[in-house]
Amino acid sequence: MLLEMRKIAVNYGKINAIRDISIAVPEGKIVTIIGGNGAGKTTTLRAMSGMIPISAGEILFEGQRIDHLPAHKVVAHGIAHVPEGRRIFKDMTVEENLRTGAFLRRDKPEIERDLEQVYDRFPRLRERRVQRAQTMSGGEQQMLAIGRALMSKPRLLLMDEPSMGLAPVIVEEIARIIEEINAQGLSVVLVEQNAELALELAHHAYVLETGNTAMEGPAHELRGNEHVRAAYLGL
Amino acid sequence: MMELLAQTGLNAVYAASYISLVAVGLVLIFGVMGVINFAHGELFMAGAYAVVALYADMHLPFFVAVPIGMVFVGVLGLVMERGLFRPLKGNPLGGLVASIGFLMILQSLAVMGFGVRMEHIPPVTQEVWRISDKVGLPVARIYVIVAAVVLLSALWYFLKRTRFGWALRASAQDPEAAALQGISITQTARIAMFIGAALAGVAGALTAPLVSVNPHMGHSVIVTAFIVIIVGGVGSLEGAIIASVVYAFVHTFVTTFSDGVLADIVGLMLMLVVLIVKPTGLFGSADRA
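So the sequences go chain by chain: A and V. Numbered as in full-length UniProt numbering, the first sequence ends at 235 without a single skipped number. Numbered as in full-length UniProt numbering, the second sequence ends at 289 without a single skipped number.
Pulled out of the complex, with its shape left as it was, chain A reads as follows (with noise of 0.2 Å):
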């Protein structure tokens, strides 16, 4: 397992967020999580990156204890993760945002290299380069939230809700995204509102309700279970 979730909580004050979650990430997978509003989707991932404290449990990432670690060590690790609302920095510029994902490598040529890889995959963000990122559409900005989250060469990609808030033709192309960025080896958990979506790309889903995991299982699975039919996929 690249990564591994062992009966996780956290508690914002006295409230539980997420109970006794386990969540495993095999190498190169998409993992999906879904559920509905509160379920605990996006605390779960801010804990996987150090943004939030766990209360019980433990993280391991390629065998090694991450739990205890600030959010800016974890990234050193190789986990990137693209945040809920894409959170990318409004007054830099696209490449300044772009650099900033790269701030704690020193490969220089290699940043280089990947900072064109990055251009090749969205061209739109060459043509922006020295454009303010606040000028950008959501679709633009989204991709350079993934486009900043690869700069800094992850094994692991965390992305909380990327298809919140865009057309559906952007939406499509970011699902064609995050399965070519899997094709080529990254390991992807994807967090979604958006259940259709997230079961079509994912290899594995974990379903979550009130803090805890409701079921798991190949998502092609899923997609035929009941429940998740009913609850989630609106069938």
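Think of the hints as simulated: they come from the structure by calculation, not from any bench. Incorrect hints may appear among the rest.
Covered by chain V, according to a simulated footprint, are these stretches of chain A (three or more residues, beta-carbon under 8 Å) [to be verified]:
hint, stretch
1, 32-41
2, 52-60
3, 183-192
No farther apart than 35 Å at their CA atoms in a straight line, the calculated lysine-lysine pairs in the DSBU-like style are these [said to hold, decoys possible]:
hint, chain 1, residue 1, chain 2, residue 2
4, A, K153, A, K90
5, A, K73, V, K278
6, A, K153, V, K89
7, A, K29, A, K153
8, V, K134, V, K278
9, A, K29, A, K7
10, V, K89, V, K160
11, A, K29, A, K73
12, V, K160, A, K153
13, A, K90, A, K73
14, V, K278, A, K90
15, V, K134, A, K90
16, A, K90, V, K160
17, A, K7, A, K108
18, V, K160, A, K108
19, A, K7, V, K89
20, V, K278, A, K14
21, A, K90, A, K29
22, V, K160, A, K73
Using N, Cα and C, we set each Cβ at its ideal position, and we do this for glycine too.
Chain A is already provided as a structure; the job is to place chain V on it using the hints.
Frame of chain A; chain V shown alone:
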């Protein structure tokens, strides 16, 4: 008349130089740490007293005393970050109150070390750069202008062209997203605090021979700096520099052609007008204020 205008213009450039050094430091600290550093005027004062101690009392060369003073005040900034702002992280009001307490400590230390009287500092140079018979600028003031241009350009280069500069700007815009890029917020806070304090310190050190140095000199400096950053737009470095120039020209011209008290009133009116017309300041945006 032309000569008087030219002379007043030169004086205003000098005033704009040290005001912008102070204001930019204040904006940088606010941007990265989210706290308003009320002790910023006292950091300016500490820079001036460094020159009193090293140059006037210990007779070190002025241009040795100034950089030492700058680094010394930068270190004071690090002390503030570690002792006040880090423990009060996420509590901007607490940070503000703590910085007021620190201001009083610095003032008291200055009184204990040097007394309340005004310090006499021997002039660094009596030379005056002359454009014509009646228009000229003392070389000591030119030092301040040159230092401001050099240091602010260096800061601009640092923020726009280096990875730590990007890290600083990223932390100012979205600390959480910055942490996700591997940026340590504690480290960027430390860098911002050092640079911001050092800029106030160097402004105080360079102007020490030109102004009256006393333990309470920071007061008028911080008031001016607040007006400037409000006019420029809280959080905007460019705004702080431009507003410094605007304020310095208005203030210097009104002082020259009328008097200093009226100049203070006009300065405050300037701030009020900007707040009414564009509440976010000339260069501020709503999401940063």
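Exercise. Would you list, in rising numerical order, the hints stated earlier that this structure does not obey?
Key: Hints 1, 2, 3, 5, 8, 15, 17, 20 not satisfied by this model.
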